[in-house]
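Protein chains: 2
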Amino acid sequence: MVKDMSQLKIVFLGTSGSWPTPERNVSSVALKRDGEVILFDCGEGTQRQLMCSSLSFMQVDKVFISHFHGDHFLGLPGLIQSMTLNDREKELLIFGPAGLKGLVNTIMGLGYFNASFRVIAREMRDHETLDFGEYTITSYPADHSVPGLGFVFQEAERTGRFNKEKALEMGIPEGPMFSKLQKGQIVKMNDKTFTPDMVIGPKRPGRKIVYTGDSRPTGTLVQKAKDCDVIIHDGTFAPDMEEKAIEYGHSTTLNAAKAAKKARAKTLILTHISPRYSENEETDLIKDVKQVFPSTIVARDFMEFEVSYRE
Amino acid sequence: MVKDMSQLKIVFLGTSGSWPTPERNVSSVALKRDGEVILFDCGEGTQRQLMCSSLSFMQVDKVFISHFHGDHFLGLPGLIQSMTLNDREKELLIFGPAGLKGLVNTIMGLGYFNASFRVIAREMRDHETLDFGEYTITSYPADHSVPGLGFVFQEAERTGRFNKEKALEMGIPEGPMFSKLQKGQIVKMNDKTFTPDMVIGPKRPGRKIVYTGDSRPTGTLVQKAKDCDVIIHDGTFAPDMEEKAIEYGHSTTLNAAKAAKKARAKTLILTHISPRYSENEETDLIKDVKQVFPSTIVARDFMEFEVSYRE
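Keeping their order, the protein sequence lines are chains U and X. Position 210, counted from 1, in the first sequence is what my numbering calls 210; the numbers after and before it change by one each time, with no gaps. Position 82, counted from 1, in the second sequence is what my numbering calls 1082; the numbers after and before it change by one each time, with no gaps.
One should not assume that every hint holds.
What the hints assert, rightly or not - Short, incomplete list of chain X residues facing chain U, as computed with Cβ under 7 Å:
no.	residue
1	Ser1018
2	Met1051
3	Gly1070
4	Pro1077
5	Gly1078
6	Ser1082
Calculated directly from the structure, the hints in this document are not laboratory data. For glycine and all other residues, C-beta sits at the position ideal for the given N, C-alpha and C.
Could you put together the complete structure from these sequences and hints?
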């Protein structure tokens, strides 16, 4: 269970597919939850994108790499080196598919360099859940041209809503007793015993965000993304490029919209936009797609999306 | 000997020292000579800087790496991968200090990737000259915290100036005979023989540019940069930071100005500016320095400097 309110926002650091453009850098999505920053992928130039964003590159504590194409991980060595040059001491955790340890090992040995902090590479299997207390992150297999993972961020349940009116009706005075009950403790007054369930509603779900990495849409994704707040989905191609999408193991924006609809997601955000589309052509990318899933957004670099609690 | 006129410009792609800032990316300087682009260093994000500049990343044929600190070479894998994704076939030559072959070998094996073209790594010794026909590039030892090289770009001599007036006086008619003489051929007319030296002046020097990479100023640099058109010099710190400059193997702007003066360079361009200085603080960097060497410029990202011929 987590505290009542946490800020949770998604910051898009790189939204281009395969190689950068002047408008879009290569893949990286940051999740900022209170003071912590989690990265999903870390393409070349991510450290500088962080510096140009509202986030600090020194705040990053965990990085999840979806697969080992350069546009998803080549920003790691520079990020780690700049953290060292800025005297970081806190360890950095890097998660990713099988092969990650070897890759991180190689990256740590590039050129003259010694990290000032521990870099821990942790390989994840398909369908593995890591519990970080206030949230879990679960991997699932992507369907791309090379082995890869998608990730589900799931916040822990929050405590139920405290019914102040009911508490007062029961004769509990406002003050220390309220906060004890809110913390789940039993309180006694004039031989009466009050338990938290008397004045606290049912637990409320935490927020859920799914990041597909590079992938065709899959049944597994739909299942994993069920009722999520946001799907951040591969949206490399416009709907008329389905063949190319299949050839390269990517999705069209329409593929993504159909998946979001099936999963009953609240919002779909498309990223990994092919460099073939200029910012002016974004309308081509989603014009027919919004009919399938109205709450669809095409990500842009530095776009911030605040994830609110469901009521 | 080279053709009479070639465009030669320096394009600054990254001018920050050690790590990037929102205003400056890490080290890379491009030399554009007619259709060819030569890079000196290739820090993380250089491919995107190229995309945002007047140059094409596909035009790069040669890359010279000064030393193996990440901010000088971590842009190589992304550049090579994007060239492959854009179907490059032409080979790419990479030059640098001892250890380059191993580094390039490692870079080529990062993640899932096969280059579509040959990448040739060529290690250079100190004081080695490579002759590319229209120009040479010579290495010399830098004085940095790790082994490194500086590079001297020297254009071949141009043909002398054709003295049209004198040729007409000698009775040579304007037309094919002029161009034969200009090409160095002997022409005959009415039993008279005209040799090119009769109407063509002495050879004219080509242009010369020196790139120091990261370095303290050295006597070798001054010697190598003698009478050059441009020195692109490490200018990490302001003059009041001499101690830090010595500690980290860098130069102050004043160190650079003194070297440029001794070398009788035409222009000094300072780069590798420490992230501690904002663009507004550039005046601090060179306020006292211009008295030592008036033709001093602080580089900015995307600054272009046209190198003209000396008269």
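Outcome of the hint check:
The interface hint given for X:Ser1018 holds, since its Cβ lies 6 Å from the closest Cβ of chain U, which is under the 7 Å cut-off. For the restraint placing X:Met1051 at the interface with chain U, the shortest Cβ-Cβ distance is roughly 6 Å, inside the 7 Å limit, so the hint holds. Interface hint at X:Gly1070: satisfied, since its Cβ lies 4 Å from the closest Cβ of chain U, which is below the 7 Å cut-off. Taken as an interface hint, X:Pro1077 checks out: its beta carbon lies about 6 Å from the nearest beta carbon of chain U, inside 7 Å.
Checking X:Gly1078 against chain U: minimum C-beta separation of about 4 Å stays under 7 Å; hint holds. Hint status for X:Ser1082: holds, given a least beta-carbon distance of 4 Å to chain U, under 7 Å.
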